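Read top to bottom, the protein sequences are chains E and Y. Taken in order, the first sequence gives residues 1 to 207; the numbers are from the working numbering. Taken in order, the second sequence gives residues 1 to 315; the numbers are from the working numbering.
Hints are computed from structural coordinates only; laboratory data are not their basis. None of the values given here were measured: they were computed from a predicted structure. Just so it is clear, CB atoms sit at the ideal spot from N, CA and C, and this is done for glycine as well. Where hints are given, some of them may not hold.
[What the hints assert, rightly or not] Stretch-level coverage of chain Y by chain E, calculated; a stretch enters the list once three of its residues show a Cβ under 8 Å from a Cβ in chain E: (1) 7-14; (2) 18-27; (3) 57-69; (4) 135-141.
[As the list claims (entries may be wrong)] Calculated cross-link-like contacts (lysine-lysine; reagent style DSSO-like; alpha-carbon spacing at most 30 Å): (5) Lys207/E x Lys91/E; (6) Lys101/Y x Lys69/E; (7) Lys29/Y x Lys41/E; (8) Lys8/Y x Lys41/E; (9) Lys41/E x Lys101/Y; (10) Lys91/E x Lys41/E; (11) Lys182/Y x Lys101/Y; (12) Lys175/Y x Lys41/E.
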Amino acid sequence: MTTPPLVEQLTQKASLVSAVVRPVASMDEAMAYVADVCLGKEACQILASGCDAPLSGTAEALCQTKQEKIICAPEMPAEAMTTLAALCAEKGISLITSGMRSRLGGIDIGLTMAVAGIAETGTVVVRSMSEEVRLASMVAEIHIAVLPAGAIVADSYALEPQLVAWMGQPDYTAFVTGPSRTADIERVLALGVHGPLELHILILEDK
Amino acid sequence: MQDATTLKAYRAQLRDALDNDFQRQALDKFAVAYRASRANAFAGIDAPELIAEIAAAKDVAIDQLEELFAEFKRHAEAAGTTVHLAATAHEANEIIARIAKENGVKTIVKSKSMTAEETHLNDHLEGQGFEVTETDLGEWIIQLRHEGPTHMVMPAIHLSRYQVADLFSEVTNQKQEVDIQKLVKVARRELRPKFCQADMGISGANFAIAATGTIGIITNEGNGRLTTTLPRVHVALAGIDKLMPSLHDALRIIRCLPKNATGQAITSYVTWVTGAVPCEVGPEGLSTSMMPSWMPVCLGMGMRSNIGVILCLPI
Numbered sequence: 001m002t003t004p005p006l007v008e009q010l011t012q013k014a015s016l017v018s019a020v021v022r023p024v025a026s027m028d029e030a031m032a033y034v035a036d037v038c039l040g041k042e043a044c045q046i047l048a049s050g051c052d053a054p055l056s057g058t059a060e061a062l063c064q065t066k067q068e069k070i071i072c073a074p075e076m077p078a079e080a081m082t083t084l085a086a087l088c089a090e091k092g093i094s095l096i097t098s099g100m101r102s103r104l105g106g107i108d109i110g111l112t113m114a115v116a117g118i119a120e121t122g123t124v125v126v127r128s129m130s131e132e133v134r135l136a137s138m139v140a141e142i143h144i145a146v147l148p149a150g151a152i153v154a155d156s157y158a159l160e161p162q163l164v165a166w167m168g169q170p171d172y173t174a175f176v177t178g179p180s181r182t183a184d185i186e187r188v189l190a191l192g193v194h195g196p197l198e199l200h201i202l203i204l205e206d207k
Numbered sequence: 001m002q003d004a005t006t007l008k009a010y011r012a013q014l015r016d017a018l019d020n021d022f023q024r025q026a027l028d029k030f031a032v033a034y035r036a037s038r039a040n041a042f043a044g045i046d047a048p049e050l051i052a053e054i055a056a057a058k059d060v061a062i063d064q065l066e067e068l069f070a071e072f073k074r075h076a077e078a079a080g081t082t083v084h085l086a087a088t089a090h091e092a093n094e095i096i097a098r099i100a101k102e103n104g105v106k107t108i109v110k111s112k113s114m115t116a117e118e119t120h121l122n123d124h125l126e127g128q129g130f131e132v133t134e135t136d137l138g139e140w141i142i143q144l145r146h147e148g149p150t151h152m153v154m155p156a157i158h159l160s161r162y163q164v165a166d167l168f169s170e171v172t173n174q175k176q177e178v179d180i181q182k183l184v185k186v187a188r189r190e191l192r193p194k195f196c197q198a199d200m201g202i203s204g205a206n207f208a209i210a211a212t213g214t215i216g217i218i219t220n221e222g223n224g225r226l227t228t229t230l231p232r233v234h235v236a237l238a239g240i241d242k243l244m245p246s247l248h249d250a251l252r253i254i255r256c257l258p259k260n261a262t263g264q265a266i267t268s269y270v271t272w273v274t275g276a277v278p279c280e281v282g283p284e285g286l287s288t289s290m291m292p293s294w295m296p297v298c299l300g301m302g303m304r305s306n307i308g309v310i311l312c313l314p315i
């Protein structure tokens, strides 16, 4: 099967801004990927990023609050959660769906659904009226977004009617393109400032 | 520095800045690299046409500011936002200080707002006893050094990694390595508790969309998202020139602004906030404070053409 052009374009554009993009054939495959990524980061990053640097007392204390590997997956489909819960239990990963306010020191992975993708810029669109979804995608070291291939549009204009409809009531929607970044010191690019250090996009193939 | 009160003092500061070799070289290098990255970002796009379209839309909007403001206010307030209009910079600062007092606020985190730079909001709030922390990396660095921004997109472009390492060593009371990647992570950890503890978040807004009462914020670091989510009160401060009729106007600007500012196709985050969204702590609520910027004033002076200028807006 050939890759649809929009999937191909989104993959290429997102990769240009350091996002990791993977096609997945099923939600089960996506959940297996999530658990693997979490397991894979154990050796190098037991501590929240930055905790290996010398810090002031307050920031150091915050590092102490994070001890186990945690995936927060608020508002994921029930079937995905069943699969992920089994994988996490097997691999000794803590899986939560709420309580992000008490995990602000950082979690390993924030897992969310993307409501749309924009091929032109390699963007995922995350709609998050739930504070748990917002915080999981902001505070996690790695944000993984599952993006149904059918939800990818060519450019932001194509998404306009949908966005306007969402904005008809209180709403918090974000275009997310690559991980958090800065070039504020000597214009040198650094990934992972206040938001995620990595963004992974799992493109869920149409059935 | 924003403290020169006489021409003589200003000239002395100007001379110091011109004599700063590092700063001159940094700006020189930037000027060359910027041209290339901008051209690269606009490859395959008719930039002059896009810019002309944006300017034309702004020209139309500027003639309808009163109507747009009324429409924005109506939609925003229906969604739970309180909208204020300030006639002067001082009044904008006063409104924000009042919101802070009424909500029992002690600590404030700020993401970037060029309007707040123009109104000297931090000085005003600090003068009233509030603790204000800038959370954009460059803005935090210059706040710690008690300086003003050198550049809209890169506020701390005048500083070297050595100076930042010295500064962070002071702030943390620990010797920090001269390594940009590590220094960025130090800022991540040092500022996270500030986000967690803040009672109020103040952001700018790149767009105020009349049709839905939505604000749009363009950022790269993710501090804008945390500022608009973690504290129980959020205030957005924007010039009235950020009013536009529809989302389409904002999407069109997004096709241009990041390419123009940093050579990016789009920034890491574009956040759209409509009304008051659920917040797990304290009373929920979003207040949007708007003030007329210098632009309407210039209108009366026959400087209309300035309005079409696309600035490198806050990133």
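Outcome of the hint check:
no., hint, result
1, 7-14, "violated (count 0)"
2, 18-27, "violated (count 1)"
3, 57-69, "violated (count 0)"
4, 135-141, "holds (count 5)"
5, Lys207/E x Lys91/E, "holds (29 Å)"
6, Lys101/Y x Lys69/E, "violated (40 Å)"
7, Lys29/Y x Lys41/E, "violated (37 Å)"
8, Lys8/Y x Lys41/E, "violated (58 Å)"
9, Lys41/E x Lys101/Y, "violated (44 Å)"
10, Lys91/E x Lys41/E, "holds (13 Å)"
11, Lys182/Y x Lys101/Y, "violated (37 Å)"
12, Lys175/Y x Lys41/E, "holds (28 Å)"
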